[in-house]
Amino acid sequence: MATLTPTAATGACSKPQEMTYVDPARTMRPDEDEAFLANTGLNGPFVADLLSDMLAHERCGAHLYRSVTDRTNNPVLKQRYAHFGAETTRHVEVLESLIAELGGDAGYVSPAARATEKAGIGLLESTFLLAGSVDLLTQELVMLDAVLLAEAKDHANWSCLAGMVDDLPTGDVRDSLEAAVDEVEVQEDEHLRWAQDMRCRMISLQATSGPTSSLALKAEELIARIKGLFD
Amino acid sequence: MAFNPLEQTGIPVDAQFRNWAELNVTPFEKYDVDPYTRTRVILMNGIEVESILFSHQFARHTDNPELKRALATGRRSEAQQQKAVNGLNPGDQTPLETTLGYEQVAVDLTAWLARHEPDPMLKQALDFALLEDFDHLYRYANLYELLYGGKAAAITQHLTEVMPGRPTMLEHRHPYDDVRPHFETHAVDPLSRLHVMTIVAGEQQTMNFYMNHGTDWIEPVARGLYAEIALIEEQHVTHYESLLDPLDSWIANWVFHEYNEVYLYWSMHQQESDRRIKAIWELNCDMEIGQLQVACDFMRRYEGRDPAELLPPALPDEPVTFEPNKDYVRQVLADQIDLRTDGTEYVRVDDLPGDHRYFAYQATVNEGGAPSEQIIDQARTDGGEYRDQTEGDHPVADLRPQQAT
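From first to last, the protein sequence lines are chains A and B. Our numbering numbers the first residue of the first sequence as 71 and each following residue consecutively. Our numbering numbers the first residue of the second sequence as 3 and each following residue consecutively.
Relax, there's no trap hidden among the hints.
Below, simulated DSBU-like cross-link-like pairs (lysine-lysine); rule was C-alpha separation at most 30 Å, straight line:
#1 B:70 <-> A:288
#2 B:70 <-> A:297
#3 B:70 <-> A:148
#4 B:125 <-> A:188
#5 A:188 <-> B:70
Everything labelled a hint here was simulated from the structure, so no lab data went into it.
Construct the entire structure; sequences and hints are all you get.
In structure tokens, the structure reads:
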């Protein structure tokens with residue numbers, strides 16, 4: 071089962087930085103760090119940080135999809151968010167398994183992962199903290215924007231990983247990475263394409279739907295309009 | 003038996019509002035009260051103040067009406083709880099007597115947390131400030147005797163020793179040297195998070211109390227002493243709040259605040275000897291569970307996160323306990339009296355270079371003398387300084403009593 075929020079109880083560990091202190095018992099030791107992917111020609115510590123970063127992004131994505139699935143008023147979006155959310159949760163599992171197969175620790179939260187998580191939190195908060203100054207229709211677009219931005223980075227992550235695989239010599243490391251990329255990359259293509267298309271469609275529909283201001287509509291009317299947006 | 007607040011329903015927030023008579027509680031008797039009942043009241047008042055201030059800050063960062071209304075409702079209940087808790091302090095307990103209670107909290111809470119802290123860096127942070135608050139108790143005890151002829155032990159009941167710690171005059175540091183590295187929110191032991199949140203709230207309340215009560219006095223030395231120690235408490239808030247990881251979201255912080263309040267009211271309830279006040283801790287614990295449930299609902303709905311993902315499966319086995327920590331404090335005094343900070347490191351004062359900013363800052367603020375030393379000098383010329391050393395000589399030879407010169 072995927073771990074969506076790593077904690078001490080799930081075996082989280084991290085790496086100290088200038089302003090981040092980590093209990094020695096939960097610190098990624100330099101020898102462990104350097105042993106990752108040793109003798110493969112890859113920069114093991116960097117790849118460990120990268121995979122942790124990708125994992126953090128997928129975890130944030132799973133939370134984002136859960137949140138927007140629950141809050142959208144449009145059945146088409148809800149269905150798609152739920153579907154992509156399930157796939158994203160599966161991507162978390164894929165990355166956790168990949169890291170373990172490569173001899174790493176899926177509980178490791180790298181400095182890059184922390185920065186990515188902060189961005190993910192901000193993206194998710196952007197969908198609700200200012201909800202009082204955004205009408206319901208625009209809120210749908212804000213949620214879709216967050217999905218698009220998250221999927222853009224997600225897609226870039228997996229494209230990069232696919233490129234790395236192409237440059238690797240044959241062997242176990244390449245096989246493991248290739249299997250993960252093969253399962254996930256095609257779904258990431260679909261997620262990004264869908265988010266781009268759907269955003270365009272939503273904008274076009276509103277741009278061509280006449281001058282009725284959403285502010286003039288009652289909430290129920292607005293929700294009804296959102297529900298039928300893609301009918 | 004393991005107590006998991008997430009499995010409890012508590013009192014729903016919309017059923018928590020009380021009338022003025024319920025909030026205007028009967029105070030305890032200042033000389034009859036168990037000193038640790040007083041410290042529990044002081045601590046939980048500080049915890050409520052922090053929860054209110056946090057909620058206000060959160061509210062200023064959102065215009066989501068559902069969220070703002072929920073924060074306003076929970077905050078109103080917290081504000082009522084604060085009135086009912088702080089109202090237990092009696093009117094005949096002077097601000098200086100309350101101050102002695104605050105420093106007894108600071109000593110015995112900090113020492114207890116340090117004794118139970120699993121993380122070595124966080125334990126060090128607690129030990130470091132412990133010796134400073136310990137010294138404040140000694141300075142205020144001498145002010146108490148000088149102004150009123152009172153003995154601090156009438157308040158502390160000899161449960162906490164009164165003698166010098168790291169001298170207050172030497173606690174003034176350049177602001178850069180109060181900033182500490184923070185724990186990592188994923189890897190941190192859940193108990194450590196609760197400890198840090200508790201001590202931040204406690205120190206913040208102490209800072210606020212001295213900020214506001216420093217002008218209650220006519221005597222310049224009293225006003226000066228409050229000003230001087232209030233600034234150390236501000237340093238302590240900087241020191242402790244640095245330990246919190248800024249990565250967590252607003253809603254996660256809300257959940258953590260409510261969870262910590264549940265833990266602390268549950269703790270206070272376990273050990274309270276006064277039946278009437280014990281019932282207040284129980285009531286407030288149930289209220290906090292209700293408030294926690296609201297925060298958790300928002301986390302599920304807006305962050306798509308199950309709170310069980312980030313909260314421990316149960317409260318810590320051991321309640322936060324007010325009890326004597328004399329041996330522990332003495333050991334820390336003996337080992338760490340000459341510790342200072344240099345950036346994010348703890349160092350021996352002898353290892354600081356002569357041109358370190360610590361000495362430059364000291365020279366600025368202590369130019370013309372420090373009230374914390376003046377109060378002791380006055381005490382020594384007025385019959386001798388006040389101490390309450392129940393366990394023998396001071397463990398640091400240089401801090402044993404001196405005669406007036």
